Amino acid sequence: MPDRPSSPTGAFAGPGPADLALEVNGRPVQLRVAPHRTLLDALRDELGLTGTKKVCDEGTCGACTVLVDGRAIYSCMTLAHTCAGRQVETIEGLGRDGTLHPVQQAFIDHDAYQCGFCTPGQVMSLVGLLRANDAPTAEDVTAAVTGNLCRCGAYPNIVAAGMSAVARRGSAPTSRPGPSERSRRSQRSEKG
Amino acid sequence: MPSRIVRTTVEIEGRMSDELALVEGKDLKGWTRDTTIVGARTPRIDGAQRVTGRARYTQDVVLPGMLHARFLRSPHARARVDRVDASRALTAPGVRGVLHRFNAPKAAFRGEETIFRAEVRFIGDEVAAVCADTAEAADAALRLIEVEYEVLPHVVDLEDAIADGAPRLEEKGNVSVSGSHSRGDAKRAIEQAAIVVDATYRTSTQLHNSLETHGAVAHWDGEHLTVWESTQHVFGVRQGLQAALGIPYSRLRVICDYMGGGFGSKGGIGKYTIVAALFARQTGSPVRCVFTREEENLAAGNRSATLQRVRVGWKRGRISGLEHTSWSNSGQGRWVADPTGPTNTLYDIRDLTTKSYRVVTNAGALSAFRAPGYVEGTFALEAALDELADKAGVDPLALRRTHHARVDGVMRTRYTQKRLLECYDIGAEAIGWSKRKAGGTRGSTPHRRRGIGMASQIWFGGGGPPAYATVHLNPDGTAVVRSGTQDIGTGTRTILAQICAEELGIRVADVRVDIGDTDAPYGPISAGSLTAASVGPAVRLAAADAREQLLGAASGLMEVRKTELRVEGGKIVSKGARKPIKEIFDELANYTVIGKGSRFPNPAKVSLNTFGAHFVALEVDTGTGEVFIEKIVAVHDIGRIVNPMTAASQVEGGIIQALGFALTEERVLDRRSGRVLNADLEEYKVPTVRDVPPIVVRFTDVPDTRANNLGVKGLGEPPIIPTAAAIANAISNATGARPRTTPMTPRRVLAALAERER
Chain S
1 MPDRPSSPTG
11 AFAGPGPADL
21 ALEVNGRPVQ
31 LRVAPHRTLL
41 DALRDELGLT
51 GTKKVCDEGT
61 CGACTVLVDG
71 RAIYSCMTLA
81 HTCAGRQVET
91 IEGLGRDGTL
101 HPVQQAFIDH
111 DAYQCGFCTP
121 GQVMSLVGLL
131 RANDAPTAED
141 VTAAVTGNLC
151 RCGAYPNIVA
161 AGMSAVARRG
171 SAPTSRPGPS
181 ERSRRSQRSE
191 KG
Chain F
1 MPSRIVRTTV
11 EIEGRMSDEL
21 ALVEGKDLKG
31 WTRDTTIVGA
41 RTPRIDGAQR
51 VTGRARYTQD
61 VVLPGMLHAR
71 FLRSPHARAR
81 VDRVDASRAL
91 TAPGVRGVLH
101 RFNAPKAAFR
111 GEETIFRAEV
121 RFIGDEVAAV
131 CADTAEAADA
141 ALRLIEVEYE
151 VLPHVVDLED
161 AIADGAPRLE
171 EKGNVSVSGS
181 HSRGDAKRAI
191 EQAAIVVDAT
201 YRTSTQLHNS
211 LETHGAVAHW
221 DGEHLTVWES
231 TQHVFGVRQG
241 LQAALGIPYS
251 RLRVICDYMG
261 GGFGSKGGIG
271 KYTIVAALFA
281 RQTGSPVRCV
291 FTREEENLAA
301 GNRSATLQRV
311 RVGWKRGRIS
321 GLEHTSWSNS
331 GQGRWVADPT
341 GPTNTLYDIR
351 DLTTKSYRVV
361 TNAGALSAFR
371 APGYVEGTFA
381 LEAALDELAD
391 KAGVDPLALR
401 RTHHARVDGV
411 MRTRYTQKRL
421 LECYDIGAEA
431 IGWSKRKAGG
441 TRGSTPHRRR
451 GIGMASQIWF
461 GGGGPPAYAT
471 VHLNPDGTAV
481 VRSGTQDIGT
491 GTRTILAQIC
501 AEELGIRVAD
511 VRVDIGDTDA
521 PYGPISAGSL
531 TAASVGPAVR
541 LAAADAREQL
551 LGAASGLMEV
561 RKTELRVEGG
571 KIVSKGARKP
581 IKEIFDELAN
591 YTVIGKGSRF
601 PNPAKVSLNT
611 FGAHFVALEV
621 DTGTGEVFIE
631 KIVAVHDIGR
641 IVNPMTAASQ
651 VEGGIIQALG
661 FALTEERVLD
671 RRSGRVLNAD
681 LEEYKVPTVR
691 DVPPIVVRFT
701 DVPDTRANNL
711 GVKGLGEPPI
721 IPTAAAIANA
731 ISNATGARPR
741 TTPMTPRRVL
751 AALAERER
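Sequence order for the protein chains is S and F. For the first sequence, the positions run 1 to 192 when the numbering used here is used. For the second sequence, the positions run 1 to 758 when the numbering used here is used.
Honestly, the hints are just simulated from the structure, not real lab data. Be aware that a few hints might be false.
[Unchecked claim] Estimated spans, in silico, between C-beta atoms of each pair: (1) F:Ala589 - S:Pro17: 30 to 40 Å; (2) S:Ala84 - F:Glu159: 24 to 34 Å; (3) S:Ala84 - F:Glu170: 42 to 52 Å; (4) S:Pro17 - F:Arg281: 54 to 64 Å; (5) F:Glu223 - S:Ala84: 24 to 34 Å; (6) S:Pro17 - F:Ala751: 21 to 31 Å.
[As the list claims (entries may be wrong)] Covered stretches of chain S, as calculated for chain F (at least 3 residues, CB under 8 Å): (7) 20-27; (8) 126-137; (9) 156-167.
[As the list claims (entries may be wrong)] With the Cβ distance kept under 10 Å, some of the chain S side facing chain F (calculated, not the full set): (10) Gly16; (11) Cys61; (12) Thr82; (13) Gln87; (14) Gln105; (15) Cys118; (16) Cys152.
These numbers come from a predicted model, not from an experiment. Positions of the beta carbon are idealized from the N, C-alpha and C atoms, including for glycine.
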């Protein structure tokens, strides 16, 4: 059961920090974190990757969305230790050599943000969709961000940006392809 | 240039005051030529920062050795704090200090001398604060603080607090008058009316739920205090810190680079700011104090619930008189918004009486929430007018046209510009108003009815002084705009860059905009829809000043008369020659042109307002009470549009927040305990991507040449104002049922349908 902590104690204080090896944005990372620490806190506090935001810290808003093995997940609902040996990608890992990922560029072109606090999570949800689905429909795009709240109400532009990134994918360089067996359904159930 | 003092009227969030203004030089006239950069769809200049996660918000500020402060909050709606024993907390691992009412230094905060009250007045009120090495250690220590409370009688509900026998929370009682206006004799006019509508409306408490919670990081270096805060007003936070801690401005700096939404709730200093600063001074280490989501929903403000009664009479084809009385649950707030504001000015009504009351309760303080009062009041007013139109058998839009107000009914002055009738024309056409039928039409399934509704909007948004900006023109022909304003998500940086580029004759890509720092020239609060109209004109003046200086230098270097030179596309242009700015400046190396601009006062004896109208087409499932919105058309008159792209985004965003207010958002308070039952994003329902219908955004887009040197007015608030009323009116048109309480949930719509059938 890789999605569960190996020894849940239920107590507030765990048995203390333990070693954790994982890959973050393509680089191997060694950490010492307590078993109850979430992936979100490990990314922000231990690795200084503050692009991933903490908004509700209980799996209701999607601002903390990152990719684990190519799949969009809520990092506030994921214990850091469950990511041992896995590949984690955050907003900081998108794009290469100063060029933006097509989803990032589409957000700029479509004004798909206002305050921008939910933006990293929205972008990661859509990148996750593009990894999992070769030909997403408008419904797939909407479904991919149903778990991402935007209090400024940039939703129409977020969906437009998502559709534009889908259309652009043919011509623009994409990041490494995601596991093709991941269906639309798993994408949806993860975010729902 | 010598400065001089002029008298001017200043308006913020609808509050008017006479103030002095310091002006220098002469204002510019509006552009007479067609602009090419101002008015063009321009992607945000800080977009790359936002999409890469590089944009640094207050919550992302991490300083070496930073400590964490957390609050202990009252578990009682009202209690006296008799004793606080922090001895166990102080010896807990990692704890650096504890502050509470018996040991905290005096710190003035919103009219009180201390931030820890002797009597806590709502569940969530601050009782003590712990500073520790980690947030977890601070949280653990909170549980070790022992507090003895003497529990006192409380009341949290608006109508309970008004009722006889309610616990008296303030010496002069729970209810006080917060606003009134009267002209003619409304009482008599209604008595003599042929038709009278007398209806009571209720709006629920709406929580801001800015995604970035309130918070601050304070750094004390032994002499200077630097504070990073998620705020709509860095200068307001600076002023609050000076008042609380007695530190002179020269040793205070407040920074807000990016901020994750405020919607009115981040207008000034918070107790968290003071606690972070006190601990920073006490420990010598930087201190972070940031709210959790739950704290955000208990202690960071709200749009107050209202109870409103509207009586309106009809005689000889006109509204003969109107009375609007409103009570607002201000919780522990000192200020209260006025829901009767729109009633006072939106229509030409001769006999009118309005009165609003502030009601204190043991709930968290209200704070401004995007068009405070106007959202709530417009819901009641515009619903009542539709009820009247129904009874009188007239078209609701026709009723609004015939009562169009040419003059501000309160100030008795004309408007600088008012194109509301044009908004009606555009909106009616786009929604298909001519096909609207009294009593609605059949819906897409047997249980559904279809209807169309509309509502009008009035708001302020004229801005005013003081606001300052500088434009530094670098030797390479690029420019930096500096102003102590903020970008709360509206796109401030981008529109200021456009204005600078337009006036200076350079490209937007060559302009950087530095904002959100009290080390810059003063910028006003980013609220009241006033940023574009306040800071924008100052930026234009600064850019014009920089251009004139540049042309003076170019004239000397090129040996051409200054009047024969202009700047275009980053080049100095004369008869037959185009030279890049860079070439001219190269000879001058590090000499810098610094242009300076300040906002001039608004014109006297005229009213400066924004107007608009929303039209809604929807279906109601009469079996389930569900509302399905088909389309919303929003038309706004805000003068010149600087950036059609970000302007449209703001309108969509305002409407989506209004959808929450209208249909789903409601803080639920347990009346017995005073506890908020949905202080989270699970049970408090903000709209998601699935809740958004097609939205059509239109602008009249005619510069208001009398308003300011740009002809612009604000847009932050107008789009949230009329939506809920337009939805209610469409529901009523579709079904004949009138939901009079927001949010208009399926349960309430079903109740309205049941009432109709009685």
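Hints versus structure:
Here the CB-CB span from Ala589 of chain F to Pro17 of chain S is close to 55 Å, at odds with the stated 30 to 40 Å. Taking the beta carbon of each, Ala84 of chain S and Glu159 of chain F are about 56 Å apart, not inside 24 to 34 Å as hinted. Evaluation of the 42 to 52 Å hint for Ala84 of chain S and Glu170 of chain F yields a failure: the beta carbon distance comes to about 58 Å. At about 32 Å, the beta-carbon gap between Pro17 of chain S and Arg281 of chain F misses the expected band of 54 to 64 Å.
Take Glu223 of chain F and Ala84 of chain S: their Cβ atoms lie about 47 Å apart, and the range 24 to 34 Å is violated. For Pro17 of chain S and Ala751 of chain F, the Cβ-Cβ distance of about 55 Å falls outside the hinted range of 21 to 31 Å, so the restraint is violated. Residues of the segment 20-27 of chain S lying with their CB closer than 8 Å to a CB of chain F number 0, which falls below the three-residue condition for coverage. Beta-carbon proximity to chain F at under 8 Å applies to 0 residues in the segment 126-137 of chain S; the threshold of 3 is not reached and the given coverage is violated.
Restraint check on the segment 156-167 of chain S versus chain F: 4 residues with Cβ-Cβ distances below 8 Å, three needed, restraint holds. Annotation: interface hint on Gly16 of chain S violated; nearest CB of chain F at approximately 13 Å, more than 10 Å. Below 10 Å, beta-carbon pairs count as interface contacts, and Cys61 of chain S has one with chain F at about 5 Å; its hint therefore holds. Checking Thr82 of chain S against chain F by beta carbon gives a least distance of about 20 Å; that is not within 10 Å, so the hint is violated.
The restraint placing Gln87 of chain S at the interface with chain F is violated, with a minimum CB-CB distance near 18 Å, outside the 10 Å limit. Among the interface hints, the one on Gln105 of chain S holds; its C-beta lies about 8 Å from the nearest C-beta in chain F, closer than the 10 Å criterion. The beta carbon of Cys118 of chain S comes within 6 Å of a beta carbon in chain F, closer than 10 Å, and the hint placing it at the interface holds. At its closest, the beta carbon of Cys152 of chain S sits 5 Å from a beta carbon of chain F; the interface hint therefore holds under the 10 Å criterion.
Hint compliance for this structure: hints 1, 2, 3, 4, 5, 6, 7, 8, 10, 12, 13 are not met, and every other hint is.
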